[in-house]
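Q: Take a look at the letters that make up each chain.
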Amino acid sequence: MDTKTIPVPGIDATASPRLKLVVIGNGMAGIRAVEELLTLAPDLYDITVFGAEPHPNYNRILLSPVLSGEQTIEQIILNPLSWYEDHGIRLHLGRTVVDVNRRQRVVIADDGTREPYDRLLIATGSNPFILPVPGKELQGVITYRDIHDTNAMIDAATRYRHAVVIGGGLLGLEAANGLAVRGMQVTVVHIAPWLMERQLDVTAGTLLQHSLEARGLKFLIGAQTEALLPAVGVDGVASSRVGSVRFKDGSLIPADLVVMAAGIRPNTLLAEKIGLYCSRGIVVNDTLQTITDPRIYSVGECAAHRGIAYGLVAPLFEQGKVCATHLAQFGIGRYLGSQTSTKLKVTGIDLFSAGNFTGGPDCEEIVMSDPCGGVYKKLVIKDDRLVGACVYGDTVDGSWYFKLVRDGRKIGDIRDKLMFGESNIGDVGHQGHSKAAAMLDSDEVCGCNGVTKGAICKAIKEKGLFTLDEVRKQTKASASCGSCTGLVEQLLMFTAGGDYSAAPKRKAMCGCTEHGHQAVRDAIVEQHLLTVDEVYRTLDWRTPNGCASCRPAVNYYLISSWPKEAMDDPQSRYINERSHANIQKDGTYSVIPRMWGGETTSSELRRIADAVDKFKIPTVKVTGGQRIDLLGVKKEDLPAVWKEIGMPSGHAYAKALRTVKTCVGSEWCRFGTQDSTQMGKDLERAMWRMYAPHKVKFAVSGCPRNCAEAGIKDVGIIGVDSGWEMYVAGNGGIKTEVAHFFVKLKTADEVLEYTGAFCQLYREEGWYLERTVHYVNRVGLDHVKRKILDDAEGRKALWARLQFSLDGEPDPWFDFEKAQVDLRQFQPVAMLTTRETA
Amino acid sequence: MIDWTAICALQDIPRLGSRRVAREGACDVAVFRTADDRVYALLDRCPHKGGPLSQGIVFGDGVACPLHNWTIGLGDGHARAPDAGCTQKFTVKLEGTQVWLDAEELRTLAREPFVSQAA
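Residue numbers (our numbering), protein chains in the order written: chain A, 1 to 838; chain B, 839 to 957.
Simulated from the structure, these hints should not be mistaken for lab results. All C-beta atoms, glycine included, are put in the ideal place defined by N, C-alpha and C. Take the hints with a grain of salt, since some may be wrong.
What the hints assert, rightly or not - Partner residues aside, some chain B positions facing chain A, computed with beta carbon under 7 Å:
(1) 862
(2) 895
(3) 938
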């Protein structure tokens, strides 16, 4: 095997004051950790990488398309040699590390190369399991693990006829398919009772077998391999190459090539030799340090975290990230394990599984089976949550099911439609697309940022993207409103291979922290934290003052958890909530005064008209929420416009109660059964100035004709002859969601109390930027009903807490001091005249 | 010898915030103050679609544009990856609590109308 070392100009290891990091293993896990480290602390380490293979880091997942001739090796290289040079990484290719002296902290390779280290990262991956049968050392008996094996198979396919693949798992079937595509007659030998028994149930496994048989593959299910026999030449002399496979029952099949794909084992040879504790992998803690030696880290398929050695790429990347933050001496971030899913990369065969798809005690199953049509779906449900899915034939909803499993969302409300997929619950991309595979390259996936399917696929391939976040960053697709997230996830799955999709079990709030929204909120409540800084210090934030995404969230959690105690921080608010107007694309602002229940008077309209004339406001428009919008106001003019109009702030710029839309109601309407306008005014007066995780809209209709469109509001109230019906968690936005019927009420006072209690529950439990529809989906409508309908005292307490929060809250358009409106912002800090600036 | 123009006192700019300097006949300049009282100045115009950076949220040594959330480095005016683009930076002098800008730069830099760099 050829070996080479890339010399690094200008770096003399003996003179360098930098720490030394040695990485054993030049594969996807190890190099990903190095990449993460380089972005965090580019100058902290002199980095040396040992790779046993003679290639730079490549995408091992895509070996199957290489074998079947759909891609070339060049196309799957992730880091070309120039990348190592550019980053000053000393790369030893084709050299196997044979020993590590942990006391002297030196790594020793098979050719005698010695490299000292301060930190060592072991990412040696895994080895294929070789069946211990006679003849396993014959020529033509190979495994399927790397480029070398792939080339051997491609070569064999040009010269030989009969291939036998031992192992009917993911890898074995991809190998068998690739060899068949290249013209060999392939028999798959599988000892378990059905194919891919760890990823599929028996029905899906059998369907898979039938469709692979239709492609010409042969299967020997349950057969036990006894020996590999050499080929016998015409002269009767046994050659050194394999010729046939013999089974326990004495039968014999011809085999010019035998591929062992009977599973993988973590490669812990070196780790065991140097005394690191191994148990189904090198045992590491949540910071990916080996539990034996804290100077030594391990990531990837060789590492056992909480008893699991992951074999999929996304968990390895997650590990790499945590490991890198630790190596960068941030001392933060923990890896907590991953959920995984599986997809077979055989063109034309669609299967997908995730989570616990076999079911068990306490689990329910929803099954749809159409063997003739080649479609099979099994969904496993436990405690009103989807815990597993096994899908064959129609996998467009695989990523959606996986998301439901990961999120642990209650599915009671969509249970009857679950089987029919995401498109049946109105959750589709633009133009109603739900099947990414069927879209043209020129079709737009992301309507907000104008990103086509072709552009996304190209970025995934060329930039080697694996996660939704990476696609968002690189292409902007799904980065704005997020309604096309499902489509983008499908594209990732089809383009990057199914391994992409495993994701951390708990989602961090943003890149500044490992904590999720719930954890941050819990800490604020439990530890009585009162300032943004205090939160950042207590929770070990990675950045000194957060970012534009986490600071507004933390600020909201503080003021909603500790009203009258925590100080609002204007600098942690988005501009609209700092200037109390809505910024427009040209940097001007819009002003929407409050009109209680959508009702106005001639004097209000006169004042508005006067302000429009006086300040030359270019556009006046009626909004969807029955208010009047003045657009194109200069920032300097805002306070004067507010004063001129003399109406309260409409909060149309804020994550707060916006409007209460009403119909005319019983006062005028001949069909009206209730005074909806008065009800709307009362609701609006009771709850205006209410900040919330996101904007909140109400509507009140006076009869079931529902002219105020109460069915798509956060809270919708519909008058009926005997009282009021209350609906919650509707949404007319990106995805129209019809509100759930919540309760029937008799009096207007009850409407106020129940609406207030629902809003307060949402304020206390909703995550920042989560609309009521998403909040209720996450916690389940049952939970909300328990808290508000079944618990009268709890409901009254919620309503009381909301009233306490709102009591004495200032109108930011008039009470500047109390609302902390910094008036200096409306004027330039300096005005330079033409003389000074020209 | 730089000809300095007095702009404002440090306290006139909120911590983790910004104020704008109006230039007659030319685009505003935004002055920023970080948590640790460093002061930077950039043209008040995001290289993406011209958003007023002075209205953004300041964090670390960057500012998030209020229109589409691009992050612009305060020190160099460069958009943070993966976005690409650059806005004009201005030299700042902080002397005691007095903030100064370079008069020559204020007179000459970025006087032309805005052309979006975004495709």
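Q: Looking at the structure, which of the earlier hints fail to hold?
A: Hint 3 alone not satisfied by this model.
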